[in-house]
Amino acid sequence: MVSVRSVSVGPSSLTSTDLPWIIEHREDRCTLCGNCTAVCPKGAIRLSHMRQRLPKLDVFSKQRGSDYRTFTGIRQETDPAKLCIGCGMCAMVCPNEAITPRPGTNENRTLFFENRKGEPMKRGGRRNATGPTLLDRIIFHRISMLTDPALDAGRHEFTTTTTLGRILSPEEFLKRTVSGGWIPPTREVFPFIIGSMSFGALSPNMWLGLLQGVAYCNEVLGLPVVMCTGEGGCPPWVLRSPYLKYIVLQIASGYFGWDEIIRAIPEMQCLPAAIEVKYGQGAKPGDGGLLMWHKVSKLIARLRGVPEGVDLPSPPVHQTLYSIEESVMKMLQTLSMAFEHKVPVYPKISASTSAKSVLNNLVRNPYAAGLMIDGIDGGTGAAYNVSMDATGHPVASCVRDCYLDLAKQGKQNEIPIFAAGGIGKNGNVAQNGMAMIMLGASGVHIGKFIMQAAAGCLGNEKNRCNVCNLGICPKGITSQNPKLYRRLDPDKVAERVSEVFMSINTEVKKIMAPLGRSQSLPIGMSDAIGIADQAAADRLHIQYIC
Amino acid sequence: MCRLALKTAREPFSPYEVLTAMEAMKEGYDGSGLGLLLRGMEFEDFKYNPRFPILSGIAHTEKAWYRMTDYMEEMEYELKYDHRFAMQPGLIDSTDRYRYFMRAYRMPVEFRDESDEMRETELLRARLALRKLSTVEDQLTIFSFYPDVAMIKEVGWPMQIGDTLCLHDGQLKSRICMAQGRQNTNYGINLYACHPFFIQGISTMTNGENTAFVPIRDWLLGKNFAGYTGYQSDSEVFTHILHYTLKQLKLPLQAYKHIITPLSNTELAKHPQGEFLAGLRQVCKRLIIDGPNAVIGTLPDETSLLVMDQKKLRPAMVGGRDGVWGIASEMCGVQAMIPDRDTSLDFQPMREHTVIIPPHRKELEIWSQYDPFPLALAA
Ligand code: SF4
Ligand code: SF4
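Just so you know, the protein sequences line up as chains A and B, in that order.
Note that the first sequence ends on residue 846 in this note's numbering; no numbers are left out.
Note that the second sequence ends on residue 361 in this note's numbering; no numbers are left out.
Hint data in this document are derived by calculation from the structure and do not stem from the laboratory.
Here are the computed lysine-lysine pairs in the PhoX-like style, where the Cα-Cα straight-line distance is at most 25 Å: (1) A:Lys708 with B:Lys229; (2) B:Lys294 with A:Lys809; (3) A:Lys598 with A:Lys422; (4) B:Lys252 with A:Lys545; (5) B:Lys252 with A:Lys642.
Bear in mind that the values here come from a model prediction, so they are computed numbers and not experimental data.
Using the sequences and the hints, build the whole thing.
Next comes the structure, spelled out in structure tokens:
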């Protein structure tokens, strides 16, 4: 007999009912093909040898005894480092429906052990908060009963593009047209932009799939969709390709990938759609980007000009500059100049109470082409859990405040505001995006939604999956490991991207038509939205309806 | 949907003629109001000098009336003529109409030699100041204050209103008359909200709904131009956009159509001045009108115009002959105003058209948005 004391029960020893996800395995169906254990990104299940007692009872001889059988079966690990993340890959590959994860309904005791080796929990994904968001609760109610004959979303022509870039006042535009002055560059783009997910965060297959999809949207479907690179540069062949015009290049405080971009400028066949200067990110305000060493492959290292296999944290702010005013001024001017003032350059900030001050600086900065505000529900490839869950500012009220502030100055036409952070979090992407637009945004960025819709990302807001940071993405979306990312077929991703944007476009029209709008996006059309929440209605200056 | 009628003729005519057009189109509106604009004035008992600004409106009480007349005196406006409407009360519901007025003034001496621009600025200031004098108890409604233009608005059926104010008696004539038979569409009943709307000589009326009203209004308000206020109707902004196009941006009339219903990218790609027009579309994006509208308007030089929304979802047609033209929502309206017209000249504009009736009134100009834009800087 083994003495109980000799079994190691440590402070963080757990039993399977303590886990957030519990593997249900049916011995009777399992053929031990090993698919599940091979596919599991966390090593949460293992084949193990077990010994079972078979009672032997001979009634006639009045003797009792035991036989034993040894067999192989699947067992779940309880070590917090190998916790099952509920991704369901095992269930997906099992030929016999013998295995599946179930959410543990007991207290999730692993929460207390997420700081092993003294490191608080880091993960990818976005804020773990479920339920309808504020945007989900906004409804479109100014149905135009007088617009008779009403607009028909299916038959009428609709303009569903938005302007990215600084817009002059009409007076100034005419003055500069006469005098031959500089007219700031603008782009007419689809208002749902694929938000910044870097070439290090995403796997090459995912990135290629997105790019192919975006190109298809533009060139075949006539939808001017653009995508943002995130901080991490852009593959050199893309920089020298005609696809660059669908790409918003991001520069952030780590300047990763910018050597390559600067070197490519003389050889560019076309200009990028825009340059986004990242100052902050809604998912981790006050933090820089973070690409963990797991994902710094040879390719990524080359692209970013860093050694392989080292963590790549960007500083939270552009360290070469003293203050936000100075920084914004210098960065915007320098980058605008680098592209001969032919590319819109705009900053991205995390939603905060000081967003208005940033905006007011931009109003007086001739090189500012817009403002991107990222709210607390934004996603990321890697951040500390506490930043993602508990730090930040929701995007709706922030964007609304900024828009109203611009309107007060009569400049709401001039600096377009883009919003991000939880748009489409619960799947209602067109509804969320249009609500933001009617609150005053010129367009929205969608990241996590695209990963879910176009690549089947498994993560959700109940802390499912969310291992994007570790390079073990079970779908191959956020992994730099060829064994994993080969799971993802770029052509299929591209197909999904085009399906997603076609359907968003239809839904946008379905929202615009009953409001009697078709010629331009209803930016700031706040008389068309309402919410059954008095406090929210007052705060957003929209109607309270119930 | 309301019905609109405009008549323009070299010889002044009675506004009652246009009311008969409204009567012909009666099935198309609910009789909740009438708005009239007269331009090119002639009074039977007064030799009118078209330089005199005419103040038109309603004093709802005696006190309001005196407040108004006192203010004008104080500002040294010299009263030259006070039109007396031969009122026949009882035909309409409204009771708080102490006095309808239409008064021609000579401007204060200091403005005598001023530029037209200065004079216009002063007239606008005076109108807004009078509007401010109005209180809830002592209401004063000022429709317009401008040379050679008068306005009338009232709640009720057009014919009844015409009879109430005895518009058939030939006391009052004009070379242009615009009429609309309905209250505003979006909000509660409001006397002032009846079309046409007026600002500094520019006037438009619309049969439709402006679903882009709130963003356009917010944008115009942000311009901080003194006259861009009020907005008791969703369509008032159409007048202000025309004003903004002509007076603030100093663009030709053709630009109006390019601003309110710009061409699409593919159309602009083929347009000789596509690049300029795309730029114009972008900077004036907030002024794009949505929802169905036919906009009919007149300018201080007696030009009349008609434009459609981008989808041509509202009816409107124009017809006439050398010297006299009519625009109406329906053919029967044009027929009522100009029965002896040359019907081969009847025209229903499509979405790209701007119909312009120049002051000489010989013939129409049908200008298409696909045509080159008449401005040197766009070339
Ligand atoms: S659900 Fe995912 S993490 Fe859990 S055992 Fe299955 S494959 Fe592994
Ligand atoms: S599926 Fe991949 S991208 Fe999605 S949450 Fe999991 S690790 Fe992250």
